[in-house]
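Residue numbers (the numbering used here), protein chains in the order written: chain A, 1 to 384; chain B, 1001 to 1384.
The hints are simulated quantities; they were obtained by calculation from the structure and are not laboratory data.
In this text, a Cβ means the ideal position worked out from N, Cα and C, and glycines have one as well.
You may find that some hints are simply not true.
Short, incomplete list of chain A residues facing chain B, as computed with Cβ under 8 Å [claimed, not checked]:
1. Val49
2. Arg196
3. Ala197
4. Gly297
5. Gly310
6. Met311
7. Ser322
8. Asn326
9. Pro329
10. Cys331
11. His373
12. Ser380
Okay, derived cross-link-like pairs now, DSS-like style, lysine-lysine, Cα gap no bigger than 25 Å in a straight line [said to hold, decoys possible]:
13. B:Lys1025 <-> B:Lys1132
14. A:Lys320 <-> B:Lys1055
15. B:Lys1266 <-> B:Lys1055
16. B:Lys1320 <-> A:Lys59
17. A:Lys320 <-> B:Lys1059
18. A:Lys59 <-> A:Lys189
19. A:Lys21 <-> A:Lys55
20. A:Lys55 <-> B:Lys1193
Number of protein chains: 2
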Amino acid sequence: MTIGVLAAQGFAAGATTAGIKPSGKSDMALVVNEGPEFNAAGVFTRNRVKAAPVKWSQKIIADGSLHALVINAGNANACNGAQGDEDAQAMAEATAQALGVDGTDVAVCSTGLIGEPMPMDKVLAGIESVTKLGAAGNDAAMAIMTTDTVSKEVGVEGNGWTLGGMGKGVGMMAPNLATMLVCLTTDAKVTPKALRAALEAASAVTFNTLDVDGSTSTNDTVIIMANGASGVEPTQEELNAAVLEACAGLADMMQADAEGVTKRVKITVEGADSDAEALNAARTIGRDNLFKCAMFGSDPNWGRVLAAVGMADAAMEPEKISVFFNDQPVCVNSTSAPGARDVDLSGEDIDVRVDLGTGGPGSAFVRTTDLSHAYVEINSAYSS
Amino acid sequence: MTIGVLAAQGFAAGATTAGIKPSGKSDMALVVNEGPEFNAAGVFTRNRVKAAPVKWSQKIIADGSLHALVINAGNANACNGAQGDEDAQAMAEATAQALGVDGTDVAVCSTGLIGEPMPMDKVLAGIESVTKLGAAGNDAAMAIMTTDTVSKEVGVEGNGWTLGGMGKGVGMMAPNLATMLVCLTTDAKVTPKALRAALEAASAVTFNTLDVDGSTSTNDTVIIMANGASGVEPTQEELNAAVLEACAGLADMMQADAEGVTKRVKITVEGADSDAEALNAARTIGRDNLFKCAMFGSDPNWGRVLAAVGMADAAMEPEKISVFFNDQPVCVNSTSAPGARDVDLSGEDIDVRVDLGTGGPGSAFVRTTDLSHAYVEINSAYSS
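Pulled out of the complex, with its shape left as it was, chain A reads as follows:
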């Protein structure tokens, strides 16, 4: 199956090396919707400190219409004040001019270092190059990588229509997005409202359940564009399913490529009063550094799960908490289960399930990673 932003009909891509990344690797990508329709939707970081391109894109996508998305890596254009806002708008307008569309129909994403002025001479030269288009989808996916070790692309076949996409993201994966950028494209005939509904539902159970380090970026953006080129109008359910599959695929790749990851850990909390409380408890465990270090050491130290969950904003029965590692009970009614210390956690995937003991119907899960030497190394040595 074809994957990437060109999997669907009627899209074109550009990629170039503008010289923004110190590494000299390609660092600018463009995805252009060639119509006939130009419907779009986006979801954005909930961090109060929003990068200039986020503010720009959030504003111009509100009308549900978008012709193109230009992305640069190597500089986040965040915390650059009024100059940053001007630069984001200038990027949209230069791209729009080259494509012959309105500036307010071009969204902008930036990822990289915060608080560095955008090198606009390089950026504008890059836009001149990237708007020549003709790039493969994977070229675009490569150009948006930062500390990603692999490019990330997906494709989903509908009944006569296709949805594809690309993403980047490895660290700072927290609820309400991550240092992650995703661009999805489809040739289905769907309204902006349908796109928004599908994207919000899918994000809630994919990107928003990724919580690698509790940090949330100033730049997180997921954008979907639809051109109706297939002529096929899927139902909302069909659209939801395809968007979910695409987002789940990209989220899996981000978790697997998370900075310094040696373990992928899924934490499910059950027996909570509500799903919201279960989610709070799952996140509290997933963000606990002592728990994450134990996972790195393949140590079935369930005591750290109890110590962490005890701090969650969730009703629980402190004497009736149960914990399962890889489906094996290690703690029952808040005390050790036989063989608890012998559970094998040496594999790459670890499943943690916690029952809060309230008997309530609430459940939720998050996906996180271990806390490894490599995480510290990458994040202390790399200014990002």
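Following the hints, complete the assembly by docking chain B onto the known chain A.
Only chain B this time, still in chain A's reference frame:
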């Protein structure tokens, strides 16, 4: 000046090697108040999962009276169910019997691995030995260490009276205590109510501002005992000042000895609507792993401060945030200040100050540490 739990008149200490620590080091301590008064107060972990000795001690200290505190390291007696509760009580009663007092006048503290049954044969033999007393204060301080690299003792001279104490704690230092145990002793003539007021006020600005890794223990306990042996009755202000000095001294030692620490970081937040919102913002920054890794790397990456603070539950002006590293402005009105990347953070102490830009009067601080390779090493290799 004399330091430790024997700095004040009328206290005795015991220390022994019961064989609970696998290392074979001393692992049991006893502090006995010899009167004439037996007033006491305590503050305890707010974790909902409380260790058996916490539940016991919290209950029996409620009447403001205490004769002795017995402490073991090597086993936390947490998450051991009804057996754990029985064991904690049995420790108190065995100690009380040897000392000729009531079981309900003996508090118990345990620190170490969670979820392991207490080796009661060893513990009871240890109690037989430790109640022989005659140990130096430092012997007791050594016996309660776990991953501490140094013993921690303080002493404060009042006007004709003395306050001393010992503590242990290196990791899991989070608001509302840490994996920390503190025993303070004084020969001042003070009521349980005065002790409680002094202890709560001091804890709020010392132990509760330490946030090494966002984790909070099941076992955290701070106990103060007063016997009036000096015959001197300090004012509440004098008592408050001495308890604050003792707690601040122990908190400093804990921060300096935090697991894997290479940097001590103080984060002050100002310009918030309220002190509570300032504290929330300071903690959000102090718990952000990306920020903590940057500190380890001596990297003046203020963008991570903004990305972190943007997620705090605090009102802020996203375009008017300022950040100072070691009193040098690195970010003004949410944009880079001249020379921001050149600030020298190579020293062991880093001062971070953030103004949220609301113009409000709220301010607060927390103290944390960097996130280092050694932190990961200690916490993945050591089952604690």
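Each hint tested on the structure:
no., hint, verdict
1, Val49, "holds (3 Å)"
2, Arg196, "violated (24 Å)"
3, Ala197, "violated (26 Å)"
4, Gly297, "holds (3 Å)"
5, Gly310, "holds (3 Å)"
6, Met311, "holds (5 Å)"
7, Ser322, "violated (11 Å)"
8, Asn326, "violated (17 Å)"
9, Pro329, "violated (13 Å)"
10, Cys331, "holds (7 Å)"
11, His373, "holds (5 Å)"
12, Ser380, "holds (3 Å)"
13, B:Lys1025 <-> B:Lys1132, "holds (18 Å)"
14, A:Lys320 <-> B:Lys1055, "holds (16 Å)"
15, B:Lys1266 <-> B:Lys1055, "violated (33 Å)"
16, B:Lys1320 <-> A:Lys59, "holds (21 Å)"
17, A:Lys320 <-> B:Lys1059, "holds (21 Å)"
18, A:Lys59 <-> A:Lys189, "holds (23 Å)"
19, A:Lys21 <-> A:Lys55, "holds (23 Å)"
20, A:Lys55 <-> B:Lys1193, "violated (54 Å)"
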